Amino acid sequence: MWAFPCISHCSNGAWSPSVNSFRDPFESPSCSLTSVWLVIADASRWCGWPTHGLRIGEASHPGPAQQLLLSTFFPQTTCPTRPTPPPRRRPRPPTPGHICDIAVLNPTSILHKAALVSRVGAHILCVSETSAVARAQQIEGVALRRLGYTSRWGHPVAPHTRDGQAHDTLRGLASGVAILSSLPSRPSVTPLPAEPYQAGRLCESFIRIGAMEVRFLAVYGTPANNPKARELNQTLLQTAFDRATANRIPCVIAGDFNTDPLALPAGELFRARGYREAFELAYAQTGLELPPTRKGATRHDTMLLHPALVALWDSASVLVHCHLFDAHAPLVVRLHTPQQLPCLHRWTLPKPWAQYNPDPALLASQCETRCPAVIAQAERCQTVDDVDKCFRSWSQTIEHAVDACLSRQHSEDPIAQPQLGLL
1 MWAFPCISHC SNGAWSPSVN SFRDPFESPS CSLTSVWLVI ADASRWCGWP
51 THGLRIGEAS HPGPAQQLLL STFFPQTTCP TRPTPPPRRR PRPPTPGHIC
101 DIAVLNPTSI LHKAALVSRV GAHILCVSET SAVARAQQIE GVALRRLGYT
151 SRWGHPVAPH TRDGQAHDTL RGLASGVAIL SSLPSRPSVT PLPAEPYQAG
201 RLCESFIRIG AMEVRFLAVY GTPANNPKAR ELNQTLLQTA FDRATANRIP
251 CVIAGDFNTD PLALPAGELF RARGYREAFE LAYAQTGLEL PPTRKGATRH
301 DTMLLHPALV ALWDSASVLV HCHLFDAHAP LVVRLHTPQQ LPCLHRWTLP
351 KPWAQYNPDP ALLASQCETR CPAVIAQAER CQTVDDVDKC FRSWSQTIEH
401 AVDACLSRQH SEDPIAQPQL GLL
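So the sequence shown is numbered by the UniProt record's numbering: it starts at 1 and just counts up by one.
To be clear, the hints were calculated from the coordinates, so they are not data collected in a lab.
Nothing here was measured: the structure is a model prediction, and the numbers come from that model.
Be careful, since some hints might not be right.
[As the list claims (entries may be wrong)] Quick list of in silico lysine-lysine cross-link-like pairs, BS3-like style, CA-CA up to 25 angstroms: (1) K295 <-> K228; (2) K389 <-> K351; (3) K113 <-> K295.
Using the sequences and the hints, build the whole thing.
This is the structure in structure tokens:
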């Protein structure tokens, strides 16, 4: 490190400049400035900055070692700033856990209502009366996809038109259905019947709920102001019944039926198969009726549940206080999420022979000659396997007796007994 030029006393008592390190540059006020600048000039030959390391000031008050800023002596109070708001997050559908919410809603028109639909907070939504033309389906499909929903649309409805209109509008006629899901879903492989599909009153989707895949059919019934409403709704519900019973996949039929679905003949077919209606299940659970879904008057926004889904029932509610849509309040049904597939136990039953009408007296005589051996075997049973073998022997003995009886009757009168035998 280079030494800093400073001034010190000479040994003979006279004032003379010298170079030392880390000392005060002016030890005496009587020192000549000429001597000081001579030392500085001499030091400049080996230092690029002549005043580097010097402190300029009075002898007894050299000044501060470091220059301070004026802001140090005049502190300023900072103005309070508004806190930065947290970034807005898009609403997301609820995360599926041990429950699954299924909603039925009628928005009258779904255009520009994706945010309202997401506020229902259901995993699956069956929408009736979307009034969505093809372009509106594309617009809302993108908006719903951003909110985490997959859209399965029915046939696009016809747009409203008027004389002199240059292009079609985004608002369609009062029809159209859709199924929205935040759970894994797929479209149907087999096409729907042309008439209800092209009318915008039926669509289908398969959705994975836990370990179970469920078929969903969204319907929109004909309003009661149509003179043929009952006939058209019966045809629509019959089509849904044929579709739901085509295989053993559990099914949910949901939407605005515009009538009581169980009051139709097709509704009785659903009831005979073990299907239950949502409002009936809620009343059986709580003893209280849920509020109406349309203007406090009707409960036609409902769903029919397969028996396998009835076993998963948790609760139901009508969102009457949310006021999300104009005339209809959404119905939300909560189910427990199945963690495993339902088991099916099937017994292999023997075919009945009573339809062949064997002669009772002849059958009794045939059994008398064969049954003593079976009775003796039954008396010797000691274990479960012995009982099982005895039942098998008994059934085989009866079958041989019936076979012998039918063969004898056929040999005596082939017209009265056309059955040649049993085995």
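Results of checking the hints against the structure:
1. Under the criterion of a C-alpha separation no larger than 25 angstroms, the hint pairing K295 with K228 is consistent with the structure, at around 24 angstroms.
2. With a CA separation close to 20 angstroms, the supplied pair K389 and K351 stays within the 25 angstroms bound.
3. Using a Cα cut-off of 25 angstroms, the hinted pair K113 and K295 holds, with the two alpha carbons roughly 20 angstroms apart.
In this structure, none of the earlier numbered hints is contradicted; all agree with it.
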